[in-house]
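A.B. asks: One letter stands for each residue in the lines below.
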Amino acid sequence: MEQAVPLSTGQLAVAASLIVINGVISLLLRLGLERRLALAAVRTVVQLWLIGLVLKWIFEADQWYIVIVLMLVMTLIAGGAAVRRTGRRYPGIWLDSVISMWASSWLILAVAIFAIVQVPQRGLSWYQPQYTIPLLGMILGNTLNGISLGLDRLGEELTTKRDQVETLLALGATRWEAARAAIQQAVRTGMTPIINSMMVVGLVSLPGMMTGQLLENADPSEAVKYQIMIMFLIAAGTSLGTVGVVLLGYRRLFTPDHQFLPGRLVKRR
Amino acid sequence: MPTEPTLLQARNIARRHPDGLRWLLQDVSLEVPAAGRLSIAGPSGSGKTLLLRALAMLDRLEGGEVRWKGRPVGRDGIPQFRRAVLYLHQRPALWDETVEAALRAPFSLAVHNRGQFDRGRVVRLLEHLGRDESFLAKRSADLSGGEMQIAALLRAVQLDPIVLLLDEPTAAVDPQTAAAVEELLVDWVGNSSDERALVWVTHDAEQARRVADTTLHMSNGTIRDGTSSTA
Numbered sequence: 001m002e003q004a005v006p007l008s009t010g011q012l013a014v015a016a017s018l019i020v021i022n023g024v025i026s027l028l029l030r031l032g033l034e035r036r037l038a039l040a041a042v043r044t045v046v047q048l049w050l051i052g053l054v055l056k057w058i059f060e061a062d063q064w065y066i067v068i069v070l071m072l073v074m075t076l077i078a079g080g081a082a083v084r085r086t087g088r089r090y091p092g093i094w095l096d097s098v099i100s101m102w103a104s105s106w107l108i109l110a111v112a113i114f115a116i117v118q119v120p121q122r123g124l125s126w127y128q129p130q131y132t133i134p135l136l137g138m139i140l141g142n143t144l145n146g147i148s149l150g151l152d153r154l155g156e157e158l159t160t161k162r163d164q165v166e167t168l169l170a171l172g173a174t175r176w177e178a179a180r181a182a183i184q185q186a187v188r189t190g191m192t193p194i195i196n197s198m199m200v201v202g203l204v205s206l207p208g209m210m211t212g213q214l215l216e217n218a219d220p221s222e223a224v225k226y227q228i229m230i231m232f233l234i235a236a237g238t239s240l241g242t243v244g245v246v247l248l249g250y251r252r253l254f255t256p257d258h259q260f261l262p263g264r265l266v267k268r269r
Numbered sequence: 001m002p003t004e005p006t007l008l009q010a011r012n013i014a015r016r017h018p019d020g021l022r023w024l025l026q027d028v029s030l031e032v033p034a035a036g037r038l039s040i041a042g043p044s045g046s047g048k049t050l051l052l053r054a055l056a057m058l059d060r061l062e063g064g065e066v067r068w069k070g071r072p073v074g075r076d077g078i079p080q081f082r083r084a085v086l087y088l089h090q091r092p093a094l095w096d097e098t099v100e101a102a103l104r105a106p107f108s109l110a111v112h113n114r115g116q117f118d119r120g121r122v123v124r125l126l127e128h129l130g131r132d133e134s135f136l137a138k139r140s141a142d143l144s145g146g147e148m149q150i151a152a153l154l155r156a157v158q159l160d161p162i163v164l165l166l167d168e169p170t171a172a173v174d175p176q177t178a179a180a181v182e183e184l185l186v187d188w189v190g191n192s193s194d195e196r197a198l199v200w201v202t203h204d205a206e207q208a209r210r211v212a213d214t215t216l217h218m219s220n221g222t223i224r225d226g227t228s229s230t231a
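Chains G and Z supply the protein sequences, listed in that same order.
Using our numbering, read the first sequence as starting at 1 and increasing by one per residue.
Using our numbering, read the second sequence as starting at 1 and increasing by one per residue.
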């Protein structure tokens, strides 16, 4: 089997020059996006180039603690990024996001490594970075979506339906009964994108990992099997992370005395 | 006057403004006896609404406590307590499709699961307020402010609370209906073998005289004085 054609720096430069298309569109339509486009282009190159170096070093070092540290850093960044996209925040939201991100993605990763792919049974070390890093990355990237959408919707629902929540409590509802509609809506919103992408995967989109394997001349039926597994890992991770963060948020916004604390929800900026 | 047992009691309750500098409620004590009709008067922003909310234990307090029949209310007992001490918001929230759906909804809550929506009883209450059965079929979204207050009041009364905490319940209704509401609620307290009481926040001194046997005056988060006007 032959490897994918290696790309030279010159070939990459040609690819990168395609950003000019975006720039021209921005100028013609006066979108004012030129600066952000330039920054995005530079970040894409620098971040990927750096992670390439880091991964090369990690693969060669082959030490469990280095892999764990990288996984922790990835998890922290994802947890923070999820909060950055929310419209309303409450004290403790960062911790809630990181905890949900960490617990859901690492649990699903463990299931994948130990129970599904069974990496250690293949004579490889359990932390084998070729498996742990990309799998975790894909779970995190999608869980991030679920957590940020779920948190954002929870804050929005509880703000717009504040009178309803307050009335339910006054009528004798427990805090759970008063919050249930908002919680359901938030979890549903967080889970929608992954369900949508499961609906169209293979028809509209060829996922990145599968594309990579195909470029590497992998047997398409093998690449598909991996992709099926990954879709289910992502779906499970996203729903666990979303439910987790919504429940943690609920506990911060409702006291055990069945009181609602809308004052804790602060609109960003 | 025979002394009735105290139902609801606030002891030195205090609530701080979120900025931490001012007090929204400070050292407020009051007692609501069975068959008592208390009104609370005072300028806007004096803490009347916050006092009612505090009595229903809807807000966290920085000091003091609320007692029910002489005892503090435990955490797990709070939904049951609010079933007995029912607070009516000044701005009613009705989110169900129709008035009837809004009136049925509370019975799906755990504390009300022994109760059941009693259409005949609600229709009798409606007639008392100059409305009829067709009111139940109205869409919540089409209700006027006054109609929303009526619907919210019915939703509360049909749940058989023991103490009603009313936050300007007739602020948006027409004078004729307001008089009917006053009569209905005074009767509700007086003409019943059950222990009942009400606390009524109103701006209207005349209304306070009509509905209450005692009026408390609030300013700057404290109770200034109480006047008794028992007939």
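Just so you know, these hints were derived from the structure itself, not from any lab.
Do not take every clue at face value.
Calculated lysine-lysine pairs in the DSBU-like style (CA-CA distance at most 35 Å, straight line) [claimed, not checked]:
{"no.": "1", "chain 1": "G", "residue 1": "Lys161", "chain 2": "G", "residue 2": "Lys56"}
{"no.": "2", "chain 1": "Z", "residue 1": "Lys138", "chain 2": "G", "residue 2": "Lys161"}
{"no.": "3", "chain 1": "Z", "residue 1": "Lys69", "chain 2": "G", "residue 2": "Lys225"}
{"no.": "4", "chain 1": "G", "residue 1": "Lys225", "chain 2": "G", "residue 2": "Lys56"}
A.B. asks: So, for every hint listed, does it hold in this structure?
C.D. replies: So, going through the hints one by one against the coordinates:
1. Lys161/G x Lys56/G: violated (51 Å)
2. Lys138/Z x Lys161/G: Answer holds: lysine 138/Z to lysine 161/G is near 21 Å, not above 35 Å.
3. Lys69/Z x Lys225/G: violated (67 Å)
4. Lys225/G x Lys56/G: Given that 35 Å is the threshold and the Cα spacing comes to 26 Å, the pair holds.
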